[in-house]
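Enquirer: Here is how the chains run, residue by residue.
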Amino acid sequence: MKRRSSSSLRVLVALLTAIAVALFALPILAIVTSAPWSRLIEQLSSVPVQQALGLSLISSFGAVLLAVLLGLPLALWLSQSTSLLRTIVRIIVTLPIVLPPVTAGIALLLAYGRSSLVGAQFERWFGFSLPFSTAATVVAAAYMGMPFFVLSVEAGLRALDPRYLDAAASLGAGPWRRLWSVTLPMIQPSLRTGILLCFARALGEYCATQMFAGNLPGSTRTLPLACAVAMEVDPELAIGLSLILASLSIAVLFVLRHSWTPRR
Amino acid sequence: MKRRSSSSLRVLVALLTAIAVALFALPILAIVTSAPWSRLIEQLSSVPVQQALGLSLISSFGAVLLAVLLGLPLALWLSQSTSLLRTIVRIIVTLPIVLPPVTAGIALLLAYGRSSLVGAQFERWFGFSLPFSTAATVVAAAYMGMPFFVLSVEAGLRALDPRYLDAAASLGAGPWRRLWSVTLPMIQPSLRTGILLCFARALGEYCATQMFAGNLPGSTRTLPLACAVAMEVDPELAIGLSLILASLSIAVLFVLRHSWTPRR
Amino acid sequence: MSLHLRFNLNRGPLQLKLDLAVNAGETLALVGPNGSGKTTCLHAAAGLISIDHGTILLNGAVLDDGTGNAFVPAEQRDIGIVFQEHRLFPHMSAQDNVAFGLRAHGIGRKAARLTAAAWLSRMGLGDFAAEKPHSLSGGQAQRVALARALAKAPRLLLLDEPLAAVDASARQDLRRDLATHLRAFAGPRIIVTHDAVDAFVLADRIAVLEGGRIVQTGTTEAISSNPRTRYVADLIGLNFFRGVVRDSALELKNGARLIVVSQHQGNAVATMHPRSVALFHEQPIGSPRNAWPAPIEALEPALDSVRVRIGGQAPLVAEVTAATVASMGLRPGLTIWVAIKATEVHVRPE
Amino acid sequence: MSLHLRFNLNRGPLQLKLDLAVNAGETLALVGPNGSGKTTCLHAAAGLISIDHGTILLNGAVLDDGTGNAFVPAEQRDIGIVFQEHRLFPHMSAQDNVAFGLRAHGIGRKAARLTAAAWLSRMGLGDFAAEKPHSLSGGQAQRVALARALAKAPRLLLLDEPLAAVDASARQDLRRDLATHLRAFAGPRIIVTHDAVDAFVLADRIAVLEGGRIVQTGTTEAISSNPRTRYVADLIGLNFFRGVVRDSALELKNGARLIVVSQHQGNAVATMHPRSVALFHEQPIGSPRNAWPAPIEALEPALDSVRVRIGGQAPLVAEVTAATVASMGLRPGLTIWVAIKATEVHVRPE
Amino acid sequence: HRRTTGPHSIRVFAAASLGAPISAIAKVFEAQHPDLRVELNFAGSATLLMQLREGAVADLLATADEQSMATVATWDLTSGSPRIFAQNQLAIVVRKGNPKGITALKDLARSDLAIGLCGPEVPAGRYAREALETAKVTVHPRTLETSVQALVGKVSLGELDAGIAYRTDANRDSVAAVAIPNAHNVTVHYLIATLSHGLQRSGADAFCAMVLSKEGQDLLHAHGFLAP
Ligand SMILES: Nc1ncnc2c1ncn2[C@@H]1O[C@H](COP(=O)(O)OP(=O)(O)OP(=O)(O)O)[C@@H](O)[C@H]1O
Ligand SMILES: Nc1ncnc2c1ncn2[C@@H]1O[C@H](COP(=O)(O)OP(=O)(O)OP(=O)(O)O)[C@@H](O)[C@H]1O
Ligand SMILES: [Mg+2]
Ligand SMILES: [Mg+2]
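Protein chains in written order, with the numbering used here: chain A, 1 to 264; chain B, 1 to 264; chain C, 1 to 350; chain D, 1 to 350; chain E, 1 to 228.
Chain A with its partners taken away, still in its complex shape:
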């Protein structure tokens, strides 16, 4: 029911938005039109593509799960103060975004590979080494995607008015209930954005995955890896596979679109 007349800002926003949208839409349009649609249909039903699709879903949802499980506590902790320690941790968490993915993959291998301390322990306990396993694709995807989750959620937590938490405490709500019933619902936009960014990044990740998890059809070859493989022999197919990847995320985003409804 609120109306604001048109203003210079409105016009400028509209203009710049149009430019921005064009900037993003043109490349997408370009690959959509150049994709080999007829071949895609048949590819979609091929076993390797389906396997890759499945692995992609496993690794990206796994990454989101890990991100929420570990990233939420981390974000809570980071948002609590601005001590030097937290600054350092925040920087460490940001680094996977900056590092070239190959380097990130090497770092993962060095830290969790067979010949690393942790990796050796892991192999002793669980009987298999992390690299070249499906679990490794999840770890790689989480390593690359989680920073986005952590930083988004931290921003949300910092913007949260702590007086609502006080109110909840005064009503007898312990830390768990405060977290579940007040904090999480109130930082919903950031939480959602964090999950989205993490999911998208994990879904598209391949350099670090290839380095850390390898590239074996059926166990570690996710869709982006299949894409990279196809790029070597059949760039058109690679574009096609990328579009399958894109459709996957579009489907997820479309399902989630209603959760963007503003809170108030």
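There may be inaccurate statements among the hints.
Keeping only pairs whose Cα atoms sit at most 20 Å apart, straight-line, the calculated SDA-like set for lysine to any residue is [said to hold, decoys possible]:
(1) 214/E with 83/E
(2) 132/C with 160/B
(3) 132/D with 161/A
(4) 341/C with 309/C
(5) 132/C with 11/D
(6) 341/C with 278/C
(7) 132/C with 181/B
So, partial list: chain B residues that the calculated Cβ filter (under 10 Å) puts toward chain A [as the list claims (entries may be wrong)]:
(8) 8
(9) 9
(10) 23
(11) 77
(12) 109
(13) 238
Honestly, the hints are just simulated from the structure, not real lab data. Where is the CB? At the ideal position from N, CA and C, for every residue including glycine.
Once you have looked at the hints, place chains B, C, D and E with the ligands on chain A.
Expert: Just chains B, C, D and E with the ligands now, with coordinates in the frame of chain A:
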């Protein structure tokens, strides 16, 4: 002055935070210890590395600039409603995160390359073609980094209480002043996170850059590309260059750390 | 300069249907029960929500006509509004909050901050100029909000319970200060309040809003001498009954009857002052034409008297002295005789 | 069950230094000027901020001793608090807001929602159970906040201006309802208010907080018959002077003198009722021992009288009838003679 | 057309694996031709091809396989016939010091070893398969890498015990090469061609000549490549 006694949540948060920090810190530690530090010092003063460093700074700061210039209006527009059009635009903006960077690079080439409609126009107007120019590294970095900015800022805008904007309007503040004096200061945490994510992603970007801008020393070879090149001949050096990249972002993050101070 | 509000506006369960004019230099007190639409009305006048039908005119110029074409946005209406929930900008100091409106009107930073500081001193907050809103007390925040609205010298002033959180002592000063300020202010002004004293002291005219409709308007005298609804009667502290006059008796809905002196027949409202209600232990013999036994529900000590709430079929309040309470041994639960002279019951046709 | 607050607490400019006890079943009204620390005090009792030194005891058990070791967090104190700014959870309906405290105490979802609905009806908000806070009016939100605090039947009740936004009519009912509820409630309760009537009706005892210190405590009668500071005098509507008694005259700081009847010599405060201030056009000849000319500053119509604010060296308020105002032609700016009998000036040593 | 880098530079697109020797040759070339600059664009064959297809302008193209060059030739982008300028051979890449004692292809079938290969999509993977087939060895690789680099990287980090790559790839400190006998080995040809849309035809020819000259061949040899 507020104290909360230790609780099960606190303990669990501490525990999971520790795990998360370890997950992130171990790989970083691993590459830091395996890096050829002595050679790095000399590399740092070599012309190609300095050129790459300069180009990386140009492309990532350029990307942030573009992101703010175009992404802020886009985020403002996106946050205004939940129409289908906006959902579609949001999906389009998210796609660069999901697409394998090589595909993203191809998309950019297809859309803005010399043989594309836009690219041809561009060449006619400005006398040079975008691909294989420094400008192209900025475009590629912006294309890959801006989505993070847009989505973070949108989350912040959605969490902003519109009543403060009403208050500002009632005091005679037009759209510009509302944006500048109320909206932007109040969404600071998201804005800052958006800039950080965009900067970090742009700084680390290389696949799409390589495809769209090429890998020409002095004009398009950014630090991650130099890293990728070094990876072929001298993996140790590549790790070293990655660490320079990391240090660069650490420096930026460290300079910005005080802006994380909570608003209230 | 005058403000005409004549519009329909639906918000959730509220159906606001208004026809109200405020003249230049006139202060209108808008009173009414919670949820009756007072805040909504101010927001429509301010341009923060748009109306569905009708027009809002300021000095003859259309501010909104329900079509969206003529809608003048808030920032162009030159209003000063105090929000019920203050809405101070959390990222600005008290001084910058007050200076904000001045800055938006093109006044330089320095001059704006000086004026803001002067306003804060006037509100007794000279020492708190540099504080952010979260470290102000409730009353302090409200005063900053008041200063913020007044400092920019707007054409139209809209005050939504501007003194609700101010302490009793400062309220007297602030009310006086506000009265002076309002008198000096040329445009129309509307003040929403739940405080009868605020309304009487500050307003030239009172409009009573109930359920989205104006049920009564008039000068403070007219309203207080002739309350038309229970809400108004409660506001000014009178007993109130609504019923039908038949044969010089007011018949209430529940069948109770009050003997009254009235030429009028038919629907009517009746009021009486709590002081004109007398209490007896036994059935009184004498002039009061109305007398009935009823239980005491509560005793409410006021300043120099006690308000005795009485239940029964015609619940009312009697005002007696503390001495009477003591001597009669009044206490909740006790049944006593209530007596009212017919001449003390003021009946008005409805 | 009783609450003992004995602590120091510094927050920004405020230095709160308190020693206050509230017994089981007792309602304490905490009154005082804006920024005096009332809200801070409630928050310390609630465990939302911790004290610097001292102890907070509930029924003998330490809730906070300033060291952090004994600190009992808010959620374990079993309190009910109404915040001055409501703090309703914006993402929950009114009903879920009220049910929140019940749920936190282990009551099942269904039962909690039922109880919450009942409480909302009791507050006159039965129709608004499903509304989110942003679509409630200010007064409705406050009532939800009140319901939320009361519904969980806490051990300790802390109400920060719980009726400030409630309309005059509902306020009477709610006040009565609250009084009944408070009487039935076993624990100690503190109510912060700026409304003298609320304080008198709801509280057994009043504590006056000024600048972080308790300056006076006592029963409502004791306080109202013997206000020790200007704030309290203003709260209950009396004229107030502070000075030194010498030779049966109170000398004010600015040199003005008031003839008084007092055995006491030295520092003292004096009060007089506005009704005991008489106004004349000419210098009165007769019994009043105090008389001086002074300008009228303002006329404030009250319900059945007019309060005349008078300036000069000893500013005060006179209460006269509207008829007097008319017959004497009183108006702001006019200089009149003020006369007060020495016996009407109540002097108390300080 | 104008380029950002000015008219006096020749642009060379080269396969990433040729980075080191081509850079070295370019350095010598620039010293000998002060009026010319060499712009080197290294990337995987797929990227280079995509860039050329989408209109990128270059003077020279050096590929690590014949197939890529043939593809470019079908687009009529090469001028003159491409020339082989270097050769390479497969080798078993093992960790430094060969801790698992791998001496021949047949060792790769051992079940106690973690073996990696390149995928059949990349030339190295195809050739490795050929070599294994001719040697009649069946290998169960843990991974099929899309780049030789990634494969060798993993061997050097100890994640893999051995892999089949080019002999030029064993030039790191942490790995060693175990030669594959010629009978089983595959020879890879590196091709160079000037491009028809290039702007510096004479410079390109000069650079091409330099690569094929003794000086160029020595540099290639120094980096482990074999003469054609
Ligand atoms: N954004 C909204 N969405 C839905 N309903 C609304 C909204 N805002 C207000 N209302 C409804 O309008 C009614 C009137 O609200 P308003 O705030 O105008 O009341 P008010 O007269 O100011 O009351 P109070 O004295 O309590 O401040 C309320 O009952 C509320 O339910
Ligand atoms: N978070 C804070 N930081 C700094 N100062 C604070 C903070 N909270 C309160 N104060 C200071 O403490 C003083 C008392 O605040 P408090 O809210 O207790 O007052 P109050 O008695 O409740 O006043 P009111 O009647 O206006 O609600 C204020 O002057 C304020 O400046
Ligand atoms: Mg209101
Ligand atoms: Mg307070």
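Enquirer: Each of the hints needs a verdict: does it hold here or not?
Expert: Against the structure, the hints:
The suggested pairing of residue 214/E with residue 83/E holds, with an alpha-carbon distance near 15 Å, which does not exceed 20 Å. Between residue 132/C and residue 160/B, the direct Cα distance comes to roughly 18 Å. Compliance with the 20 Å bound is thereby established for this hinted pair. Between residue 132/D and residue 161/A the alpha-carbon distance is near 18 Å, which keeps this suggested pair within the 20 Å criterion. Taking the CA atoms of residue 341/C and residue 309/C, the gap is near 18 Å; set against the 20 Å cutoff, the hint holds.
Restraint check: the Cα-Cα separation between residue 132/C and residue 11/D comes to about 13 Å, which is no more than 20 Å; the hinted pair holds. Of the supplied pair hints, the one linking residue 341/C and residue 278/C holds, its CA atoms being roughly 9 Å apart against a limit of 20 Å. Distance restraint check for residue 132/C and residue 181/B: the Cα-Cα separation of roughly 15 Å lies within the 20 Å cut-off, and the hinted pair is therefore satisfied. Annotation: residue 8/B was flagged as interfacial toward chain A, and the flag holds, the nearest CB pair being 7 Å apart, inside 10 Å.
Annotation: residue 9/B was flagged as interfacial toward chain A, and the flag holds, the nearest CB pair being 4 Å apart, inside 10 Å. Because the closest C-beta pair between residue 23/B and chain A is about 7 Å apart, less than 10 Å, the hint holds. The restraint placing residue 77/B at the interface with chain A holds, with a minimum CB-CB distance near 4 Å, inside the 10 Å limit. For the restraint placing residue 109/B at the interface with chain A, the shortest Cβ-Cβ distance is roughly 8 Å, inside the 10 Å limit, so the hint holds.
For the restraint placing residue 238/B at the interface with chain A, the shortest Cβ-Cβ distance is roughly 7 Å, inside the 10 Å limit, so the hint holds.
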